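Assemble chains B and C onto chain A, guided by the hints.
Residue numbers (the numbering used here), protein chains in the order written: chain A, 3 to 268; chain B, 3 to 268; chain C, 3 to 268.
Any given hint could be a false lead.
Okay, the calculated beta carbon distance ranges per label pair [said to hold, decoys possible]: (1) A:Q106 x B:S78: 51 to 57 Å; (2) C:L151 x B:V126: 42 to 48 Å; (3) C:T175 x A:Q198: 54 to 60 Å; (4) A:Q166 x C:S78: 32 to 38 Å; (5) A:G171 x C:G146: 54 to 60 Å.
So the derived list for chain A, only partly shown, Cβ under 10 Å to chain C, looks like this [unchecked claim]: (6) A42; (7) A57; (8) F61; (9) N186; (10) Y220; (11) E222; (12) P224; (13) S233; (14) M235; (15) N243; (16) H244.
In case anyone wonders, no lab produced these hints; they're calculated from the structure. Treat the numbers as computed from the prediction; the structure is a model and nothing was measured. Ideal Cβ positions, reconstructed from N, Cα and C, are used throughout, including at glycine.
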Amino acid sequence: MNHLVTLTTDFGNGSCYVAAVKGVLLGINPQISILDLSHAIPPQNLRYASYFLQACVPFFPSQTLHVVVVDPGVGSERAILYVELGEQRLLVPDNGCWTGLIEQSLQLHRVIRVTERRYWRPQVSTTFHGRDIFAPVAAHLTLGVDPTLLGPETSSWVELPRPQLVVAGTSLTGEVVFVDDFGNLITNIPGHGFRQWDDRAVQILVGDTEVRQRVHHYAEAPPDLPVALVSSMNTVEIAVNHGSAARSLHAGPGMRVIIRLTERAM
Amino acid sequence: MNHLVTLTTDFGNGSCYVAAVKGVLLGINPQISILDLSHAIPPQNLRYASYFLQACVPFFPSQTLHVVVVDPGVGSERAILYVELGEQRLLVPDNGCWTGLIEQSLQLHRVIRVTERRYWRPQVSTTFHGRDIFAPVAAHLTLGVDPTLLGPETSSWVELPRPQLVVAGTSLTGEVVFVDDFGNLITNIPGHGFRQWDDRAVQILVGDTEVRQRVHHYAEAPPDLPVALVSSMNTVEIAVNHGSAARSLHAGPGMRVIIRLTERAM
Amino acid sequence: MNHLVTLTTDFGNGSCYVAAVKGVLLGINPQISILDLSHAIPPQNLRYASYFLQACVPFFPSQTLHVVVVDPGVGSERAILYVELGEQRLLVPDNGCWTGLIEQSLQLHRVIRVTERRYWRPQVSTTFHGRDIFAPVAAHLTLGVDPTLLGPETSSWVELPRPQLVVAGTSLTGEVVFVDDFGNLITNIPGHGFRQWDDRAVQILVGDTEVRQRVHHYAEAPPDLPVALVSSMNTVEIAVNHGSAARSLHAGPGMRVIIRLTERAM
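For reference, chain A alone in the conformation it holds in the complex (with noise of 0.2 Å):
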C-alpha cells in the first residue's frame, strides 16, 4: 500500500480550504504521508494546473495518488474522475485540469467516474468539494478501497485544447505555455536540434520581439537581455538573467513564438 497522497489546488498558500482538506484526509486514516505539490495554482487556471502535473507528476513513485483540486465548475454537474495513468494514480475534477499528462505518452489504464456517495462526507456542500468529496474518496482509496466501487468506468471526459505547433518550411510556429515563478517562458518548441543550429542561422521571435542570443545556461546570459536556451522540459526556453522575462517580454501563455531557420541552418 502506497500511503503517499499529493496537493494540488489553488485555494492559495495557507489557505484554511488546504487545511480542512489534510484535516479530512488524517481524520480517515492518519497513516496517509500528505505532500504538498502547490496551492498557488492561479485561481481556476486549468492550462496552468496542466503543465503543472505534467512538469511533476511522472517523477513519483509508483502508485502515488495525486489529489487535484482546481476546480471553477465546483457544485456543478462537472465530473470527479479517478484515473490510473502510468504508474501514476489520479483524483481530478473532468475539466481537463490534467490533459498535459495525457499528451505524455503515458498509457492511460482506466478512467473511473467517481459517483458512489458512499465514501463521501455525508453533507456535501456545494462549494467545497476537495473537503467532502476529493479527501474522503482518496483517504479511501488508500485504505484499500477497489477505485471499481467509486463509481462507473469511462471513456469520456474533457480535455483542453493543446497549444499548437505548427512546422512550415524552415519556420517552427509554437507558444508559450507556462511561466515560471523567475519569469522564464517556458515554450512548446521542441529544444532538439537548438543546440547544434548557428547562431547566425537561426531567428527567434517572441511576439514581435527578437530574441537575439543563445545561451546553455543563465550565468552566461548577460544581465536584462532576453536570451533562449532549453529548458528542463526539454523545449525552447525564454529568459531573462537576474530578471523576468515575462516583464520584459509583456508576454504571458498562449503569445506566439516562431524560430526561423536560415540557409546556414539546413
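Frame of chain A; chains B and C shown alone:
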C-alpha cells in the same frame, strides 16, 4: 501516541522562523510528523486565526496537537495555554486566537497555563516563543509528558468578542467574518433556510450594496456579478464568479450584512 | 539511518520545480521524509539564504540532510558540494549560500565536490540541477551511499564576504543582515550588554535615523515608533510594533547601524 503536530503561524510562507520551529520539534522528537496548516495568517490577526482554526481543526484525528503561533504579545505577561477541546489538543497564546473553536459545541476538557520551564529551551528569547517555548513543549507532549506537568489548570482565558448576529422582525443582521483567498466573503448568517427562500422575497445587503442574485454554486453565477450562496461552513457567502467579491464590494471582515425577508418569504 | 531531507529553494511557493524535486526524491527512496524549510528565498539571493540557514539548520536532529537550491550559476562550472558540518549534512551549490553556518563555531568535518554522475539523473538539463543532480544525490545518500563515492574531498570553496562589525572607541558599527516577513531589521551587533545600558546613555542610528526607544518585547512598543530590542538570534533588532521597520525606515540588508555609548554607559 499520536505524533501529528500541526503548525499555524503568521510568520509568512517560507519564513526562517517556521523552519527553526520545525528544527526544534524534530530535534527533540524525530518521530514527529509535522503538518503545515498555514504560515500566512495575516500578521497579528487574531480574528482571522480564530476563523481559520474553526474551519479545519475539528476534522483532524483524535489527539492531534495543533500549535498556533499568532502572538503579538510575545515576550509580555500573556500566558501560553495547553487546551484539550473535543478530541483535539492545542498549544496557543492566551490572546483569544482559538475563540472560534470555543464557539462550536466541542467539549472543553481542560485548559492549562504553561509555566514549567523544564520543558522550554534553556535560553528563552523575548521575541520568539514559537521556537523557545511552543516547539519544545509540543515536542515533549508527543514524547508522552503528562500535560499536568506543564503548569496549573486554569478556568479563565482571553476570548475575542464574538461576531454579532441580530434577528429583528423579518431581518437578519450579521457580518463578514472571513475573506478567503478567492475574495469570497463568508458571513456568520446561518445558511439553512436560505435555499428555500424565493428570490423576489429576500433582499441582501453587503454594506450599502444590494446583492441581487442567489445561486447554488459558483459556476452558476454570471461573471463579475456578486451573488449569494451557502458557504462550506453552512453560512451565507457572497462571491463573484472568476472574480473577488472583497474587491468588487470593497468589503472585508466586520462589514455589516443584512438579509431582509419580504412578505413573500414569510 | 536518518531519512529526513529538508528543502530550501528560491523556486517560489508552490512552484512546479519544487514538486519535481519532491517527485525525484521519493521516486528513488519512498521512505524519505521531506520537510519544506522555504521556497521563498528571494530569487538568487545568496546572503538571504545564508542567514536563513544559520537561523534554523543547527536545531535539526543529527544527520539531517539539508538540500539547498539557490543556484544562479546552475549549468555553469560552479561545483556542487556535500558538506558535513556539526551534526548536520548539506547539499549546496558552491556559491557561498552556506557561509552563515560556517561563521558559527560548528565543526566542519568534510566537504566533497559532487562529481560522480552515477548518482545523477541520466539526462542532466542545464537549467534544473535541483531535479537532475541535487534530488537524486540526496535520495542516494538517504539510501546509505557512502559520501566518499560522490566525488573528491576538497578544502576550498566559495564564501560570501561576512557582514562588517567595527568597534571603535565607544561606538559599534554593524549592519542590517536580514529583514524578516514582519519587516523587522536583524543586525549583526551583539545583543549582550544591550539590556543593561541606560536609555539615555546609548544612541542608535539606522542609516541616518535615530531609534530613540529600547524595549524588551514587541508589545511594549508604542505603535508606529521604531524601537530597538534583542533579536531571537541574540543581536540588536529594530522593529515597529504592528508595522514594518523596513518600510518605516526605508531600510534593508546592508544598511549601516551604529550604536554609540555615551559616558553614562561606560
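Cross-check of the supplied hints:
1. A:Q106 x B:S78: 51 to 57 Å: Given about 56 Å between the Cβ atoms, the range holds.
2. C:L151 x B:V126: 42 to 48 Å: holds (43 Å)
3. C:T175 x A:Q198: 54 to 60 Å: holds (55 Å)
4. A:Q166 x C:S78: 32 to 38 Å: holds (34 Å)
5. A:G171 x C:G146: 54 to 60 Å: holds (55 Å)
6. A42: At about 3 Å, which falls below the 10 Å cut-off, the nearest Cβ of chain C leaves the hint on A42 (chain A) intact, so it holds.
7. A57: holds (4 Å)
8. F61: At about 3 Å, which falls below the 10 Å cut-off, the nearest Cβ of chain C leaves the hint on F61 (chain A) intact, so it holds.
9. N186: holds (8 Å)
10. Y220: holds (6 Å)
11. E222: holds (7 Å)
12. P224: It is violated, given that the least Cβ distance between P224 (chain A) and chain C is near 14 Å, above 10 Å.
13. S233: holds (6 Å)
14. M235: This interface hint holds because 8 Å falls under the 10 Å limit.
15. N243: holds (8 Å)
16. H244: This interface hint holds because 6 Å falls under the 10 Å limit.
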